[in-house]
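**Q** Residue numbers (our numbering), protein chains in the order written: chain A, 1 to 179; chain B, 1001 to 1122.
If you're looking for bench data, these hints aren't it; they were derived computationally from the structure.
The beta carbon of each residue, even a glycine, is placed where N, CA and C say it ideally should be.
Accuracy of the hints is not assured; some may be wrong.
[Unchecked claim] Lysine-lysine pairs mimicking DSBU-like chemistry, simulated, CA-CA at most 35 angstroms apart:
{"id": "1", "chain 1": "B", "residue 1": "Lys1003", "chain 2": "A", "residue 2": "Lys166"}
{"id": "2", "chain 1": "A", "residue 1": "Lys99", "chain 2": "A", "residue 2": "Lys32"}
{"id": "3", "chain 1": "B", "residue 1": "Lys1030", "chain 2": "B", "residue 2": "Lys1010"}
{"id": "4", "chain 1": "B", "residue 1": "Lys1003", "chain 2": "A", "residue 2": "Lys2"}
{"id": "5", "chain 1": "A", "residue 1": "Lys178", "chain 2": "B", "residue 2": "Lys1110"}
{"id": "6", "chain 1": "B", "residue 1": "Lys1003", "chain 2": "B", "residue 2": "Lys1030"}
{"id": "7", "chain 1": "B", "residue 1": "Lys1010", "chain 2": "A", "residue 2": "Lys178"}
{"id": "8", "chain 1": "B", "residue 1": "Lys1003", "chain 2": "A", "residue 2": "Lys93"}
{"id": "9", "chain 1": "B", "residue 1": "Lys1030", "chain 2": "A", "residue 2": "Lys166"}
{"id": "10", "chain 1": "A", "residue 1": "Lys166", "chain 2": "B", "residue 2": "Lys1064"}
{"id": "11", "chain 1": "A", "residue 1": "Lys178", "chain 2": "B", "residue 2": "Lys1064"}
{"id": "12", "chain 1": "B", "residue 1": "Lys1030", "chain 2": "A", "residue 2": "Lys93"}
[As the list claims (entries may be wrong)] Far from chain B, some chain A residues (derived; all Cβ distances over 10 angstroms):
{"id": "13", "residue": "Thr62"}
{"id": "14", "residue": "Arg63"}
{"id": "15", "residue": "Glu103"}
{"id": "16", "residue": "His106"}
{"id": "17", "residue": "Thr109"}
{"id": "18", "residue": "His160"}
Spelled out, the chains give:
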Amino acid sequence: MKELSLHILDIAENSTGAGADFIRIAVDETFKDRYISIEIQDNGSGIRQEMIGSVTDPFVTTRKTRRTGLGISLFKAAAEQSGGSFEIESDGKTGTVLKAAFEKNHIDTAPVGDMAATITTLIAGNPGVDIRYEHTVSDGLFHLDTREIRQDLDGIDITHPAVLEKIRGLINDNIEAKR
Amino acid sequence: MAKLSVDDLKEIKERAAREASLRGGETNVKITVHMSTCGIAAGARDVMATLLEEKAECGRTDIKIVAGSCLGMCSSEPNITVEAADEEPIVYQHMDANRTRQVFRRHVLKGEVQTDFALAKK
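Extracted from the complex, chain A is given alone in its bound form (with noise of 0.2 angstroms):
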């Protein structure tokens, strides 16, 4: 992947393909801070015990459609090449954190990228599903709930283009724009 946002995309829809309707995304790259790093939670159908240890198996997958699973393996094998770290956790019922860290400087982390289309197509191609994004730069903590925007459209479906441009927007002027 190009970007480490087209990962957090890549993971996000995993939570949805486990059923999640809430998923919390947080990337922190707060200046003086070493590492980048990357949290995803979901409340899906999380992963069983037997199956927590080898998700990060290529070769592993619960889908029938084709019989390797990419996403968790890449993304990690993304962190721990760049001098960084990787770990999930799941109790098998209630979701799955997933965490990552990339270090800043190293020469094979991919930059974050534009963590605007990564939420806005998350939004937009899962109605169903709750996003919680955090995302800390150096001057301080930014964050977008769609439980919050939803209350304040007051009916207005959430992935009208009008709503969807705004949510760019902020992101883009809270985070792109600071970096």
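Got chain A; can you put chain B on it based on the hints?
**A** Below, chain B alone, put in the same frame as chain A:
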């Protein structure tokens, strides 16, 4: 924290009300962007962004764009499936921004299936 401003909300509500008066809440075309690891790595997010732009431009609320799972045709990703009411679903392959725009303007808006880009009838 990030919130939509009162002005933003007002603008959105006015626009939504304008469009709702033109069309009811029905869905006439459903477009699925197959958003799996293979699709995302091949550019499915750009395809989704292009579709959202095109939808915003035409102002039609009866077009639904959703994320779908892998079709098992990873080598032809990014794939999208266009399902128009009363028509067979068409899967398009190797989509990029330009091809997506063409499919949207010709197939989705005018009903002309773009056979050159089609992978198969589902």
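**Q** Against this structure, judge whether each hint is valid.
**A** A quick look at each hint next to the structure:
1. B/Lys1003 to A/Lys166: holds, 10 angstroms
2. A/Lys99 to A/Lys32: Between A/Lys99 and A/Lys32 the Cα gap is close to 20 angstroms, so the pair holds against 35 angstroms.
3. B/Lys1030 to B/Lys1010: Status holds; Cα separation ~28 angstroms.
4. B/Lys1003 to A/Lys2: Roughly 30 angstroms between the alpha carbons, so the hint for B/Lys1003 and A/Lys2 holds.
5. A/Lys178 to B/Lys1110: Violated - the C-alpha atoms of B/Lys1110 and A/Lys178 are around 42 angstroms apart, more than 35 angstroms.
6. B/Lys1003 to B/Lys1030: Holds, at roughly 30 angstroms.
7. B/Lys1010 to A/Lys178: holds, 27 angstroms
8. B/Lys1003 to A/Lys93: holds, 33 angstroms
9. B/Lys1030 to A/Lys166: holds, 23 angstroms
10. A/Lys166 to B/Lys1064: Given that 35 angstroms is the threshold and the Cα spacing comes to 19 angstroms, the pair holds.
11. A/Lys178 to B/Lys1064: Answer holds: A/Lys178 to B/Lys1064 is near 33 angstroms, not above 35 angstroms.
12. B/Lys1030 to A/Lys93: Within the cut-off at roughly 32 angstroms; holds.
13. Thr62: holds, 12 angstroms
14. Arg63: Given that some Cβ of chain B is not farther than 10 angstroms from that of A/Arg63, nearest at about 7 angstroms, it is violated.
15. Glu103: holds, 22 angstroms
16. His106: Non-interface label on A/His106 holds, nearest chain B Cβ at 21 angstroms vs cutoff 10 angstroms.
17. Thr109: The claim stands: A/Thr109 keeps its Cβ more than 10 angstroms from every Cβ of chain B (closest is about 17 angstroms).
18. His160: violated, 6 angstroms
Checked against the numbered hints above, the structure breaks hints 5, 14, 18 and satisfies the rest.
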